[in-house]
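Okay, here's what each chain looks like letter by letter:
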Amino acid sequence: VSTFSDEALIARVVAHDDRNAFAELVRRYQSQVRSLQRKLTAGDAHTADDLAQETFIRVYRHLRTFQGGAKFSTWLYRIAYNVFLSSARQAQSRRSEEYVDEVHAQAEQPHEERLLARVDLARAMADCSEAERAALALCYGKGMTHEQAAEVLKCPLGTVKTNVLRGKEKLKQRLLSMEGVMA
Amino acid sequence: MKREDVDVLVERLLKEPEDHIDDAGFTARVVAGLPAASLSERARAWIIGASAALAAVVGGVVLPGGWEVLDSLLAVSRACSQMQAPSLAAVVVLSLAAWGVYAFVKAEAEAAR
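Chains as they are written, first to last, in our numbering: chain A, 1 to 183; chain B, 1001 to 1113.
Don't read these hints as lab results, they were simulated from the structure.
Model, not experiment: these values are computed from the prediction.
In this text, a Cβ means the ideal position worked out from N, Cα and C, and glycines have one as well.
Any given hint might turn out to be false.
[Stated by the list, open to error] Derived pair list, reagent style PhoX-like, types lysine-lysine, alpha-carbon separation capped at 20 Å:
hint : chain 1 : residue 1 : chain 2 : residue 2
1    : B       : Lys1015   : A       : Lys161
2    : A       : Lys170    : B       : Lys1106
3    : A       : Lys142    : B       : Lys1015
[To be verified] Under 7 Å between C-beta atoms, here's a sample of chain A residues computed to sit facing chain B:
hint : residue
4    : Asp17
5    : Arg19
6    : Ala21
7    : Val26
8    : Arg27
9    : Phe56
10   : Tyr60
11   : His62
12   : Leu63
13   : Gly141
Please take these sequences and the hints and turn them into a complete structure.
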């Protein structure tokens, strides 16, 4: 099934409850969804993975309702964001040192300053609101246009633009206050 | 650090391509956490239809008024003007049968799509 298109995999899951096909979909998108959740949870890798898992289970349950006209990744990110929002309503997202460790572990031949700044960026995201983090993660992390992000987040275009600007401003303030780390 | 430097740094960090996250058993955990395999729409339709038909037959025989309802329906179909008052239980059973047929037809139509 690894050579099948997304549409073909989805059709197999819907028609025959083909779990191998669904596993292939998960394999294809797990990195994107997990990284999005990490940004939304301000670097809490453990919570992010739990939310990513919940995202895919929700995708499985509702795959029948997916409209083929829409891009699958857009639909997937919207579910991921909804899962995050549900979770955020129940518990305050918390920062995790795991993400910091993982960034250190995963970076290949990292430049020290760049790496530290990156770690601080993940922490700094905690200063942003949920909506600001989502707007930044989609527009920068996923390379979406403001219009596409508005579609995923189900909010007006102006709100996305405002959240991106506010989020960036907060990141800058946070990084400025961490001058000592980056010096 | 100058404000301009931070502006540049934030832009650069945000635009950096994301590291690929290794699967490391994630997909296996997701698949293991999926709900148990459900019956297909077609199988569900047959079960609903058969259950409703069985309930209607049993109800028609066992419950008081069942035969009367059937007689009445036959009478109506023959354009007879007088219909005996059916018992509530018989109405429920026959409504259940009608619902079962409706659900069966609907599920079959969905499964055929």
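### Message
Next item in the hint list is Gly141/A. Is there a CB on chain B closer than 7 Å to its CB?
### Response
holds (6 Å)
### Task
Grab the minimum C-beta distance from Tyr60/A to chain B and call the hint holds if it beats 7 Å, violated otherwise.
holds (6 Å)
### Task
Verify the interface restraint on Arg27/A: the C-beta must sit less than 7 Å from at least one C-beta of chain B.
Holds, because the Cβ-Cβ distance from Arg27/A to chain B comes to roughly 5 Å (cut-off 7 Å).
### Task
Using 7 Å as the Cβ threshold, decide whether Arg19/A counts as touching chain B.
Because about 6 Å separates Arg19/A from the closest Cβ in chain B, which is inside the 7 Å limit, the hint holds.
### Message
Is the interface hint satisfied for Leu63/A? The criterion is a beta-carbon contact with chain B at less than 7 Å.
### Response
Because about 11 Å separates Leu63/A from the closest Cβ in chain B, which is outside the 7 Å limit, the hint is violated.
#### Entry: Per-residue hint verdict: Phe56/A, partner chain B, C-beta under 7 Å
holds (5 Å)
### Task
Compare the distance between the alpha carbons of Lys142/A and Lys1015/B with 20 Å, and conclude whether the hinted pair is satisfied.
holds (9 Å)
### Message
Quick check on Asp17/A please, does its C-beta sit within 7 Å of some C-beta on chain B?
### Response
holds (6 Å)
### Task
Could you grab the alpha-carbon distance between Lys170/A and Lys1106/B and see if it respects the 20 Å cut-off?
Violated, at roughly 54 Å.
### Query
Taking the least C-beta to C-beta distance, is His62/A closer than 7 Å to chain B?
Violated, because the Cβ-Cβ distance from His62/A to chain B comes to roughly 12 Å (cut-off 7 Å).
### Query
Holds or violated: Ala21/A as interface residue toward chain B, Cβ cutoff 7 Å?
violated (11 Å)
### Task
Under 7 Å, Cβ to Cβ, is where Val26/A needs to be relative to chain B, so tell me if that hint holds or is violated.
Result: holds, 5 Å to nearest chain B Cβ.
Violation of the numbered hints given earlier is confined to hints 2, 6, 11 and 12; the remaining hints are satisfied by the structure.
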